[in-house]
Amino acid sequence: MEDLIKALNSDDEVERIYAAQDIAESKNPELTEFLLKRLSAEESQAVKDAIIFALGNLSCFENYPMIFRLFRSPDAYLRNAAIGIFASEGKKAVEFLSSHLNHSDREVRKLILDALFATGDPDAARAIRQSLHDSSLNVRITAAEYLGRMADEESADELLAILQKETEPMLITAVLESLSVTENQEIIRKLFSFFAPECDFSRTDTLYMPQLIYLWAKTGDSELLFKMIDALKPFEIYEEDIVHALEQAEERFTGICKEAHISELIKKIMEHTENKEIYALCKKLETRKQETL
Amino acid sequence: MSNITASEFEALSDFIYRKTGIKFEVKKLYFISKRIQKRMDALGVETVSDYIRMLRFSDPKNSEFQMLTDLLTINETYFFRDFSQLQAFGEDCLSEVASQKAARGDRRLNIWSAGCSTGEEPYTLAIILLEMLDNIAAWNISILAGDIDLTALEKAKKGIYWERSLRDMPPEYLQRHFHKNSDGSYSVSERIRKMVAFEHINLSEKEAIRKKKEFDFIFCRNVLIYFDDTSRKRLVDQFYVALNPGGYIFLGSSESVGRISTAFKIKRAGGFIVYSK
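Chains H and B, in that order, give the protein sequences.
In this text, residue positions in the first sequence follow my numbering: the first is 1, and each later residue adds one.
In this text, residue positions in the second sequence follow my numbering: the first is 1001, and each later residue adds one.
These aren't lab readings, by the way, just hints derived from the structure by calculation.
For clarity, every value in this text was computed on a predicted model and none was experimentally measured.
Take every hint as true, because none was put in to throw you off.
With a Cα cut of at most 20 Å, we get these calculated EDC-like pairs of lysine to aspartate or glutamate:
#1 1212(B) with 13(H)
#2 267(H) with 240(H)
#3 1206(B) with 3(H)
#4 1211(B) with 25(H)
Start from the sequences, fold in the hints, and give me the full structure.
Here's what the structure looks like:
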């Protein structure tokens, strides 16, 4: 062990790379401390790289505070490396990371979320949910995005509550995106009632319309679709979103495209569109419609 | 045919990994089964378990293990494979390294073809050097070609190829560096053959690999696909150590150096991304 530590701090770059490799092979968690100490002083990118890889292959449980300090490094490589190391620790790191979500530096709190998400552990979602109420907008947006990517249905009510009180478009978009992974009709209904009370889309911010169009595909409610389209002037701007949403709806609700109104809509898009891909997709929906007749 | 079970596959794949660093995922089960069956038929062994036991306890010189490895690492290759990458090597990287070394009065050029299989790659590199390097007689050139597969190495040393291997070879190079045999095959010229030294190298043998140093170019194309993340990382770090400053590493077109190591510098050579130390 002493030889390895000595080699890790040698003046020779090659010796240090080999030491990092051999420490990784040793699987001895006692050596993680020495790797982390060396990492802070190391200038060679090749050695840093070998050390980070070694740390990812050793249990670092005893040295979480040292890894955590990398979040404040001016070197982006080291900050990202810390995320990677916590990610390789998985479930074990979730509790430690969660306990630091009240850190004074918002950049660090954002990195904690990155690390929590990277662990891939289901318990991380519970911790990330706390950050939906963080004082930093960027942290709140990140939390909303990650919860969506984790398909965390349990955070739906909290995300819906955010829509009631927040006005920042980036955050609202992130929340909408996050909720759009749901298949829960109750949540989708609540979303529509928030963005378009009593299905009145006339005052809905057009910024959110593409996401709402895609969300519609999960409802299969053609009346809702036409209420949305009525509010879109000119609706052709959204033709790509509409056609892709129709395709998704047809997958879910076979035969929906044979409904007279939708069939007319598809024909109308085909008459106007200059986009060959959209035309081909409409044609495909038309064919599918005939097959289901 | 005796089918290999999941537990037998796991035992065998662990055994191969420990000895070679090569990792076979479960999706390769069919691939492995077919090749094991070949060896079992040759040896008259009835069950897969018996074959594994034989590898473990009745193969002290590793000769059967070597036979199996040879079968498992078969890789179709051909001359001038990934032409655009070789173009970047021949037209940009080679002249850059050569002019820098010449300016220092260093007239040695060392190339390592790691995982050379049946020799198409190292001979291709020798042809490129002959065709592209100014005043080649002034250079002391060494091309080390290594592979774990002894059968492939034997074939490589003979330097005899069929048209299929030569399909991407520029015709004028074929004319200059090969002669056609009476059976329709082609032999690599003596001059090219003398430029390449073949060696049996197991890329997962740490101590042996650590002795390899001072290369200006390392080619390890379509080899890392056989390795798991840990072995791949260890090997690419070793390539970094083995390269001279300013030297270049070339992996297969589907393998990215940048995804394995951040130690190398990224450069553009012609239309190609290359990595140097």
